[in-house]
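S.K.: For the protein sequence lines, the chains are A and B, in the order given.
Residue numbering for the first sequence follows our numbering, beginning at 1 and increasing consecutively.
Residue numbering for the second sequence follows our numbering, beginning at 242 and increasing consecutively.
Simulated from the structure, these hints should not be mistaken for laboratory data.
Every residue gets a Cβ at the ideal spot worked out from N, C-alpha and C, and that includes glycine.
One should not assume that every hint holds.
Here's a subset of chain A near chain B, in silico, CB distances under 7 Å, partners left out [what the hints assert, rightly or not]: (1) Thr41; (2) Tyr80; (3) Ala103; (4) Gly113; (5) Lys115; (6) Glu133; (7) Trp137; (8) Met192; (9) Leu218; (10) Lys221; (11) Val225; (12) Arg230; (13) Ser231.
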Amino acid sequence: MQETGSFYRRDRGWHPPPLTPQYKTSILRSPRFAYLSLENTISEMTGPVFGHNLIGELDNDLIQNYAKSGEAIGPRINVYGRVLDENGRPVPGALMEIWQANAGGRYRHANEGYKAPLDPNFGGCGRTIADGEGRYWFRTIKPGPYPWPNRVNDWRPAHIHFSIFGHAFAQRLVTQMYFEGDPMIWQCPIVMGIPDRAAVELLVAALDRDSATHMDSLAYKFDIVLRGRRSTPFENRKEGN
Amino acid sequence: MVQRLDHLKETPSQTAGPYIHIGATPNHSGIAGVYSNDLGKAMVGRGAKGERITIVGRVFDGAGEPLKDALVEIWQADAAGLHNSPQEKRGKADPNFTGFGRQATDGKTGEFRFETIKPGAVPFVDGRLMAPHITAWIIARGINVGLHTRMYFSDEAAANAKCPVLARLEHQGRVKSLIAERSEKGGKVVYRFDIRLQGEDQTVFFDI
C-alpha cells in the first residue's frame with residue numbers, strides 16, 4: 001500500500017484543548033478563534049526525513065552523552081517501543097528527540113528555579129531514529145518529579161519529553177511519557193487537560209521486568225502512534241497533488 | 242454491537258514545556274558537545290537556487306508579551322516548488338536546500354530568525370496553484386498542541402489574491418495575519434512575520 005493518501009483528521013477532542021485553565025500558562029497562549037480546517041496539501045503531506053548519519057554513537061544514551069567525570073546518577077532505565085501510525089503500520093526512520101530533568105528533578109537550564117542540584121554528568125537530551133520496523137530505544141536515568149510555578153505546590157509527575165518527526169509535517173507531534181504506578185500523574189493539571197482517561201493511559205509507559213538488563217537497567221515500554229494516512233483506493237485526488 | 246474499526250488512536254499531545262530548547266536546540270541553550278549542531282539551524286547549502294531571504298518575527302501572547310521560551314519550525318518548498326522529502330513525487334528537489342528550519346525564540350527579545358530562500362508555488366489538492374508560502378509550527382510552554390500556520394509574502398499580492406487556501410477564510414480581514422512584510426536593508430531581503438496567539442489580530446492557525 002503506497003503512502004500517498006491524505007491523513008486522517010486529527011481528533012481534537014482526544015488531545016487536550018488549547019485552553020486548560022488549571023494549567024495557567026495556557027490562558028494567555030491559547031488561540032481563541034477557530035482553526036481553519038483544510039484538506040492536506042502537499043505542503044503538509046511532505047516533511048523532512050533525517051538519515052541515520054545524523055545520529056552520533058551516544059545520542060541515545062543520556063547516561064553517557066554528557067558524562068564528564070563519570071556516568072549520570074539515578075535509577076538506570078531503558079525506554080523502548082515502536083512508532084506506529086493509526087493504521088498500526090510501523091513508521092521507519094522516525095526521528096525522536098527526548099529531553100528530561102535529572103534524577104533529582106532538576107533541568108539543566110538558566111530559568112530553572114528548583115533547589116535540587118545539577119548532576120555534572122547529565123545534560124538531559126538525546127535522540128534516535130526508529131529502525132525499519134519502527135523500533136527505537138534510549139538509555140537514560142529515571143527523572144525525578146519537581147515543583148513548578150503554577151498553583152501553590154503543584155508538582156509534575158516524573159516524565160520524559162518526546163518530539164517525533166514521522167514522514168510528513170502533518171504528523172509532527174510533541175508529547176510527554178509518564179511512568180507506570182506514579183500517583184502524581186492523576187494530580188497534574190497538564191496531564192489532566194486531556195479529557196479522556198484512556199488517552200492519558202497511552203502516555204503511561206509500562207514497566208517491563210522481562211526486558212531489564214541484568215544488574216544494569218530496568219526497562220519501560222512506550223509505543224507512539226502518529227497520524228495515519230488513507231489508502232489510495234479510496235482517495236479522490238490526483239496522484240501527487 | 243458492531244465490528245470495531247481497527248484504527249489506533251493517535252498518541253495525545255502534551256505541551257513542550259519551558260525547556261523545549263534543551264531537547265530541540267541544546268547548543269543554543271548552553272548544553273554543548275552532545276550534538277555537533279542544532280537540528281534545522283542551516284537550511285541553505287552552497288549552490289542552493291533561489292532568492293536568499295531572512296525571516297524575523299516574534300510570537301506574542303494574549304497580553305502582548307513575546308514568548309521567550311518558544312520554538313518555531315518551518316517547512317517549505319525549494320525555489321522550483323519542490324520539497325526535499327521522500328514524499329515528494331513530482332520531481333527532485335534542490336539537493337542544496339533542506340526545506341526544514343528550526344529556531345528558538347531569543348531568551349531576552351523573543352525574536353526568531355531564519356535564513357532561507359523564497360519558495361516557489363505548489364499546487365492545491367485540485368491542481369490550482371497556492372500562493373508561495375512557508376509552513377510554520379509553533380510549540381512552547383502553555384501550548385497544548387503544536388500550532389500550524391503559514392507565512393505568505395507581501396510582494397505576491399496577485400498570487401495571494403488567487404490562493405485557494407486564503408480564499409477559504411470566512412473573515413477575509415484575517416488574511417493579513419498570514420502575510421509577512423518585505424523590506425530590504427543593505428542588500429538583504431527581510432520578511433517580518435509576527436505570530437499572535439490571541440486578540441483581534443490573532444494569527445490564523447490551521448487544522449490540517
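S.K.: Indicate, hint by hint, whether the structure satisfies it.
M.R.: Now for the hints, and whether the structure bears them out:
1. Thr41: OK, holds: threonine 41 of chain A within 7 Å of chain B, min 6 Å.
2. Tyr80: 15 Å, violated
3. Ala103: Violated, because the Cβ-Cβ distance from alanine 103 of chain A to chain B comes to roughly 16 Å (cut-off 7 Å).
4. Gly113: Because about 10 Å separates glycine 113 of chain A from the closest Cβ in chain B, which is outside the 7 Å limit, the hint is violated.
5. Lys115: Violated. Min distance 17 Å.
6. Glu133: Since chain B brings no Cβ nearer than about 16 Å to glutamate 133 of chain A, farther than 7 Å, the hint is violated.
7. Trp137: Hint on tryptophan 137 of chain A: violated, closest Cβ of chain B at ~17 Å, above 7 Å.
8. Met192: Violated. Min distance 11 Å.
9. Leu218: The hint is violated - leucine 218 of chain A has no Cβ within 7 Å of chain B, the shortest such distance being about 22 Å.
10. Lys221: 14 Å, violated
11. Val225: 5 Å, holds
12. Arg230: 11 Å, violated
13. Ser231: 12 Å, violated
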